[in-house]
Amino acid sequence: MADKSKWLESTYKPSGERPVRFSTVSDLDMEPLYTGEDISIGHDEEIGNPGEYPYTRGVYGSMYRGKLWTMRQFAGFGLAEDTNARFQFLLKQGNNGLSTAFDMPTLMGYDADHERAQGEVGREGVAVSTVEDMAILFNKIPLDKVTTSMTVNCSASVLLAMYLVVAERNGIPWDKIGGTIQNDMLKEYIAQKEWITPPRPALRIVSDMIEFCARKAPRWHPVSISGYHIREAGSTAVQELAFTIADGICYVEAAIARGLGVDEFAPRLSFFWNLHNDLLEEIAKLRAGRRMWAKIMKERFGAKNPRSMMLRAHAQTAGASLTAQQPLNNIVRVAIQAMAGVLGGVQSLHTNSMDETLALPTEHAVMVALRTQQIIAEETGIANTIDPMGGSYAVEALTDRMERDAMAYITRIDEMGGMLKAVETGYPQREIAEAAFHYQRQLEQGIKTVVGVNKYTSPDEVPIPTLKIDSELEERQVQRVRKVKRERDSASVKEALGRVAAACRSGENLMEPICEAVRRMASVGEISDIFRAEFGVYKDPGWL
Amino acid sequence: MADKRLRILVAKPGLDGHDRGAKIIARALRDGGFEVIYTGLHQTPEMIAEAAVQEDADAVGLSILSGAHMTLFPEVLRILKERGAGDVAVFGGGIIPDDDAAKLKAMGVKQIFTPGASTEDIVTWVRDNVTPRT
Numbered sequence: 037m038a039d040k041s042k043w044l045e046s047t048y049k050p051s052g053e054r055p056v057r058f059s060t061v062s063d064l065d066m067e068p069l070y071t072g073e074d075i076s077i078g079h080d081e082e083i084g085n086p087g088e089y090p091y092t093r094g095v096y097g098s099m100y101r102g103k104l105w106t107m108r109q110f111a112g113f114g115l116a117e118d119t120n121a122r123f124q125f126l127l128k129q130g131n132n133g134l135s136t137a138f139d140m141p142t143l144m145g146y147d148a149d150h151e152r153a154q155g156e157v158g159r160e161g162v163a164v165s166t167v168e169d170m171a172i173l174f175n176k177i178p179l180d181k182v183t184t185s186m187t188v189n190c191s192a193s194v195l196l197a198m199y200l201v202v203a204e205r206n207g208i209p210w211d212k213i214g215g216t217i218q219n220d221m222l223k224e225y226i227a228q229k230e231w232i233t234p235p236r237p238a239l240r241i242v243s244d245m246i247e248f249c250a251r252k253a254p255r256w257h258p259v260s261i262s263g264y265h266i267r268e269a270g271s272t273a274v275q276e277l278a279f280t281i282a283d284g285i286c287y288v289e290a291a292i293a294r295g296l297g298v299d300e301f302a303p304r305l306s307f308f309w310n311l312h313n314d315l316l317e318e319i320a321k322l323r324a325g326r327r328m329w330a331k332i333m334k335e336r337f338g339a340k341n342p343r344s345m346m347l348r349a350h351a352q353t354a355g356a357s358l359t360a361q362q363p364l365n366n367i368v369r370v371a372i373q374a375m376a377g378v379l380g381g382v383q384s385l386h387t388n389s390m391d392e393t394l395a396l397p398t399e400h401a402v403m404v405a406l407r408t409q410q411i412i413a414e415e416t417g418i419a420n421t422i423d424p425m426g427g428s429y430a431v432e433a434l435t436d437r438m439e440r441d442a443m444a445y446i447t448r449i450d451e452m453g454g455m456l457k458a459v460e461t462g463y464p465q466r467e468i469a470e471a472a473f474h475y476q477r478q479l480e481q482g483i484k485t486v487v488g489v490n491k492y493t494s495p496d497e498v499p500i501p502t503l504k505i506d507s508e509l510e511e512r513q514v515q516r517v518r519k520v521k522r523e524r525d526s527a528s529v530k531e532a533l534g535r536v537a538a539a540c541r542s543g544e545n546l547m548e549p550i551c552e553a554v555r556r557m558a559s560v561g562e563i564s565d566i567f568r569a570e571f572g573v574y575k576d577p578g579w580l
Numbered sequence: 502m503a504d505k506r507l508r509i510l511v512a513k514p515g516l517d518g519h520d521r522g523a524k525i526i527a528r529a530l531r532d533g534g535f536e537v538i539y540t541g542l543h544q545t546p547e548m549i550a551e552a553a554v555q556e557d558a559d560a561v562g563l564s565i566l567s568g569a570h571m572t573l574f575p576e577v578l579r580i581l582k583e584r585g586a587g588d589v590a591v592f593g594g595g596i597i598p599d600d601d602a603a604k605l606k607a608m609g610v611k612q613i614f615t616p617g618a619s620t621e622d623i624v625t626w627v628r629d630n631v632t633p634r635t
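Taken in order, these protein sequences are the chains called A and B. Each residue of the first sequence is one higher than the one before, counting from 37 in this note's numbering. Each residue of the second sequence is one higher than the one before, counting from 502 in this note's numbering.
This is chain B alone, in the form it adopts within the complex:
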């Protein structure tokens, strides 16, 4: 297997401006040895899926603190699939109740991190669970 650096798109969907977490995660993933692309705020699911395809991302990390996770996560999954990128690993974090996290995982979100998760937990999870797209 070629020793390709994993490319991770860190994205902020929705209208809320809470980017403290997304920026910390982006920086920690970069320090962890991954190629990181940060979308900036206020992205639509279309913009995120498009960026994932354009940037040839292996995984997309979504940060949502607005309560709109049950609308936005499934949309990103759907559009990725539509564009033939259904194998991009989608994970995320934010203020997401356990019940919702379980539903999102059943829909195909690979992992949900909630408040208190350390950057190390997330870096380790990416290292162990994300593989380069072929």
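The following block holds chain A by itself, in its conformation from the complex:
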């Protein structure tokens, strides 16, 4: 075998290198060359084959040769009818799964007519206060044919109940609907920061939903364990991997503590990764994540069903990597990030639009983003063979390193008593803030480059058109919610809310009472108020 250290001395060093720091975007040092010496003995079993344990090369036997990934563009703005129109547009353009963005009041458990909703209704996503809005949002969309993803967390139980009630109204049984609700509360305290209650009751609600879906809506994914927001908050790739898997461990432990068998619910757990700029690091992260989850589920939790060991993932290109400067460059970033996702073997993908650092995307920008996926799928050829980067010395060595470093974090979190405790003491929050600050310093010192921002800047920039949200829609939504509240049977709503409160206290699974409250037109805000009253309100400790 070629001797790497000899080569470094005799051939590499005399050749010279550029005076830059050769490290990944997360600042992991990269060696000049990776060879067979960098890959551990016994590595063949670690890599394995696609569709076989430990799934390093992909969870399915034929991967994209069997079925391309789902092209799932995240969309939501304005009133329910605006987003419904965008959904219809996306389905017509070849998008084959829906993904719903809700506005901040909905995400935080406030109705549009609450004073805290002022100025935020329909701005970052679609406004949904009652099941009437949900019915408009999914009007004429076949809920038994299209799978829907809903990005919502602390009010997820209410939004899932609304979706179920809409399906029920359309005559579709709950065991026929498929989709995913994000519902990953641990990462909310860690990164995305949308919460109502403190972490412990939040974990209880998540567990209720896992249990409920396992029994009543078996095709539904009750939690999407998300690294995306952890990365957006400024973590490294290793931290994204470690904290996400550690969150997953915590949910599995909580569901087992409910008396569920691991194979009863684990096949319906799914993941959500970020796709950042560093191509090799991202591919390695996705491969390492699959291998880690497979080993943890088999060895730590004794899973027997192979589906419990398969880490199936959605991925989205990194919003935080996009620049307001020279926004057309973002198309290129998104294309490369999306390639990382495909080379890394994800099951579903959202590509960001070029204008998303400025505003919600225009229809034109969304179309370019979707076309990017179609070009990758049908022009580049990278979907012709499974895990084409497998066996690359660099990618395999980086995959091993990601797993090793992430497992070290997980061991540390286990020693703290698990992720719930770690979150309560602010450990992952502080680690991420530190990494974000380190990266910002590297940008300002020119150690890391962002084209158009700290290098290759242009004085004359041509602005691109952006989507404007009509400010009058807020008033329309407020009136709509008030009308529903005026016209419903208020005694019946009050009684249903009382049952939700009683379930909060008794420990009974919350989902049936919430579904009943939603059927009687109780709102997101009213049910969230019950959580506030029964479980208390979480306040940001403001850790720096």
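Quick caveat, the hints were computed from the structure, so don't treat them as lab data. Don't take every hint at face value.
One side of the interface only, derived from the structure: several residues of chain B facing chain A at Cβ under 10 angstroms [stated by the list, open to error]: (1) Leu516; (2) Asp520; (3) Gly533; (4) Glu536; (5) Tyr539; (6) Thr540; (7) His543; (8) Gln544; (9) Thr615.
Computed cross-link-like contacts, EDC-like style, restricted to lysine to aspartate or glutamate with a CA-CA straight-line distance of at most 16 angstroms [what the hints assert, rightly or not]: (10) Lys181(A) with Asp211(A); (11) Lys504(A) with Asp601(B); (12) Lys484(A) with Asp65(A); (13) Lys611(B) with Glu576(B); (14) Lys504(A) with Asp600(B); (15) Lys40(A) with Glu73(A); (16) Lys582(B) with Glu547(B); (17) Lys504(A) with Asp599(B).
Here the structure is a predicted model, which is why all the values come from computation and not from measurement. Heads up, the beta-carbon is just placed ideally off N, CA and C, and yes, glycines get one too.
Place chain B on chain A using the hints.
Same frame as chain A, but now just chain B:
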């Protein structure tokens, strides 16, 4: 003039949880030699104005990435004035279109920083433009 360290309140109004920028700015201002108080997330304009008065802040830096800046900035200005603290310098940052930034400055916001601004730009601006309240 007494050599008093400037006190800066870094605040996150509104419902969005994007605190990466606010935390980086808070830390950079602290490293830049200022006294920094960080409110944490999900503050109402009332809570922010109250904190500014209680903490005797010389300036308030608002970070808004939710699109609600045209509602939240003017509210903070209004309540500060109402409480006799209209001389507290209010600045801010976030995803704020140029047209809106111009309107906010006309209302009395001292400076708006948009994506790509360096922490050094912000520290320097505070040093040059914020004076201790008398």
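Quick rundown of the hints versus the structure:
no. : hint                     : result
1   : Leu516                   : holds (4 angstroms)
2   : Asp520                   : holds (6 angstroms)
3   : Gly533                   : violated (13 angstroms)
4   : Glu536                   : violated (13 angstroms)
5   : Tyr539                   : holds (5 angstroms)
6   : Thr540                   : holds (7 angstroms)
7   : His543                   : holds (6 angstroms)
8   : Gln544                   : holds (9 angstroms)
9   : Thr615                   : holds (7 angstroms)
10  : Lys181(A) with Asp211(A) : holds (12 angstroms)
11  : Lys504(A) with Asp601(B) : holds (12 angstroms)
12  : Lys484(A) with Asp65(A)  : holds (13 angstroms)
13  : Lys611(B) with Glu576(B) : holds (15 angstroms)
14  : Lys504(A) with Asp600(B) : holds (12 angstroms)
15  : Lys40(A) with Glu73(A)   : holds (8 angstroms)
16  : Lys582(B) with Glu547(B) : holds (12 angstroms)
17  : Lys504(A) with Asp599(B) : holds (13 angstroms)
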